[in-house]
Amino acid sequence: MSQVALITGGGGGIGGAVARRLAAAGITVIVADYDHGAAEKIRGKIVSSGGKADALSVDVTQAREVKALVTDVEKRFGRIDVLANIAGGSFYTKRIEEFTWSEWKEVIDVNLKGTFLMCREVAPVMQKQKSGRILNTASNYGVTGSALRTPYSAAKAGIIAFTKTLAQELAPDGILVNTVAPGPTDTPRVMGKESPEARKQRWSEIPLGRTGQPEDLAEAFYFLTTPESNWITGQTFHVNGGLVTP
Amino acid sequence: MRLQGKVAVVTGGAQGIGRVIALGLGHEGAKVVVADLQADKARDVVNELLALGSEAIPVEVNVANESAVKRLANTTFDRFGRVDILVNDAGVYLKSPVVGMSEELWDRTIDVNLGGNFLCSRAFVPSMRKQKSGRIISIASGIAHYGAKEFAPYAASKAAIIGFVKALAREVGTDGITVNAICPGVANTAMPRTHRTEEELMARLRSNPLGHVLEPEDFVGPILFLASDAASYITGQAINVNCGSYMI
Chain A
1 MSQVALITGG GGGIGGAVAR RLAAAGITVI VADYDHGAAE KIRGKIVSSG
51 GKADALSVDV TQAREVKALV TDVEKRFGRI DVLANIAGGS FYTKRIEEFT
101 WSEWKEVIDV NLKGTFLMCR EVAPVMQKQK SGRILNTASN YGVTGSALRT
151 PYSAAKAGII AFTKTLAQEL APDGILVNTV APGPTDTPRV MGKESPEARK
201 QRWSEIPLGR TGQPEDLAEA FYFLTTPESN WITGQTFHVN GGLVTP
Chain B
1 MRLQGKVAVV TGGAQGIGRV IALGLGHEGA KVVVADLQAD KARDVVNELL
51 ALGSEAIPVE VNVANESAVK RLANTTFDRF GRVDILVNDA GVYLKSPVVG
101 MSEELWDRTI DVNLGGNFLC SRAFVPSMRK QKSGRIISIA SGIAHYGAKE
151 FAPYAASKAA IIGFVKALAR EVGTDGITVN AICPGVANTA MPRTHRTEEE
201 LMARLRSNPL GHVLEPEDFV GPILFLASDA ASYITGQAIN VNCGSYMI
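Residue numbers (this note's numbering), protein chains in the order written: chain A, 1 to 246; chain B, 1 to 248.
All clues stand as given, with none of them false.
Partial chain B-side listing against chain A, Cβ under 7 Å, derived:
#1 209
#2 244
#3 247
Each computed DSSO-like pair below joins lysine-lysine, with the alpha-carbon atoms no more than 30 Å apart:
#4 A:113 x A:75
#5 A:200 x B:130
#6 B:41 x B:95
#7 B:132 x A:200
Here are the simulated distance ranges between beta carbons:
#8 B:79 x A:226: 31 to 37 Å
#9 B:1 x A:174: 25 to 31 Å
#10 A:25 x B:100: 50 to 56 Å
The hints are simulated quantities; they were obtained by calculation from the structure and are not laboratory data.
No experiment lies behind these values; they were computed from the predicted model shown.
Idealized CB from N, CA, C, for every residue including glycine.
Construct all of the structure, not just a fragment, from the sequences and the given hints.
Spelled out as structure tokens, the structure:
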């Protein structure tokens with residue numbers, strides 16, 4: 001029987017690439033996204049290249065929606081082997097005194113709370129199976145911080161510590177929990193905001209001399225679902241061209 | 001096969017983790033130079049590789065000796081014409097409390113473990129630079145982060161390897177060369193048996209969140225990943241393969 005992966009933010013740049021990489025390896029992929037149209041697009045690409053996929057809507061900040069999503073997936077697919085929590089975003093760049101409480105909460109909720117809610121619902125399914133891989137998404141900013149992104153940096157650092165804790169809690173059930181921390185990655189979300197000059201300047205700061213592609217990230221996520229990573233848990237995989245080497 | 005046609009050099013390739021890395025690389029299609037101080041054992045590993053259908057040669061080398069490392073590089077280029085992957089695994093594991101430690105024990109550990117990384121990387125980087133691609137993978141240790149009683153030079157050398165890897169990654173990145181370290185957790189090999197009873201060792205090996213006894217083979221997958229195209233945007237990192245025994 002095919003493995004089943006549930007990917008939040010699966011309609012986005014990195015999420016979409018992860019969904020396609022896992023599907024190419026024969027895994028049935030459930031592409032979950034706040035933006036149903038984006039999820040459908042990725043589902044379409046996977047299916048047209050011979051993979052198995054479904055597209056579902058979810059707002060990961062809403063406990064009821066998360067529960068309904070996981071219940072639905074378990075009912076229809078019978079298992080969840082991989083959970084990739086990729087939904088997230090920084091949304092704002094501004095000084096701390098300009099952040100409203102609701103903006104702060106928005107960023108913390110989508111990144112950190114969403115990861116918690118998804119893990120809380122999916123972990124029991126994996127515990128029944130006595131196996132599973134949970135892949136959370138941090139950022140190099142979770143280690144270095146990033147001026148004008150206080151809630152995002154805090155949320156991503158929080159995800160790293162949350163991952164380590166959950167890895168310890170779920171290890172007895174044979175469930176591995178790791179974080180992938182992307183560095184600068186060419187996604188539509190990032191590229192739309194950047195001038196060509198800013199982009200060149202950024203490249204000069206990256207030891208490998210280029211920004212990452214969503215496919216680079218997808219390979220790291222995929223590796224962490226394979227037997228080759230059987231003995232890696234609680235760790236943070238930095239995929240950033242050498243920009244940050246903690 | 002992910003490494004078809006690539007040429008790999010594995011120092012310390014005659015036994016333990018180095019041996020299974022050499023076999024793993026061969027299994028993925030790489031031609032392998034098994035470099036080790038122990039020439040007989042290196043030859044045995046080469047025979048195993050040949051039986052797998054891989055191309056391989058043994059080279060006797062003391063990685064802390066400049067001219068010996070030069071010979072290793074020359075032999076590699078003479079035979080295979082290039083190098084794509086360098087795995088720095090050669091190391092010594094010598095026990096002594098700091099008070100009373102001989103200078104010789106200190107020097108030997110730092111020279112072999114850390115100096116070997118420097119000399120071998122220095123010998124192979126120019127050729128990787130010319131071809132605008134290469135993979136350097138150094139075997140550090142969880143002890144770099146955790147320390148280990150009466151193994152101060154070993155801990156220092158392994159932590160220094162991680163610093164070296166980060167610096168070299170920044171130096172050679174624009175030449176398409178990635179440099180990373182693997183930090184193995186304590187594994188079921190000859191090394192930890194030098195100072196523990198069998199019973200103590202097995203209890204220690206099992207005391208990790210996953211409750212799994214790490215075997216040398218368990219480190220091969222992550223190394224093959226780092227050696228493959230899939231990891232082309234990962235550099236300057238130290239990857240912990242330790243069943244969650246610590247998380248940093």
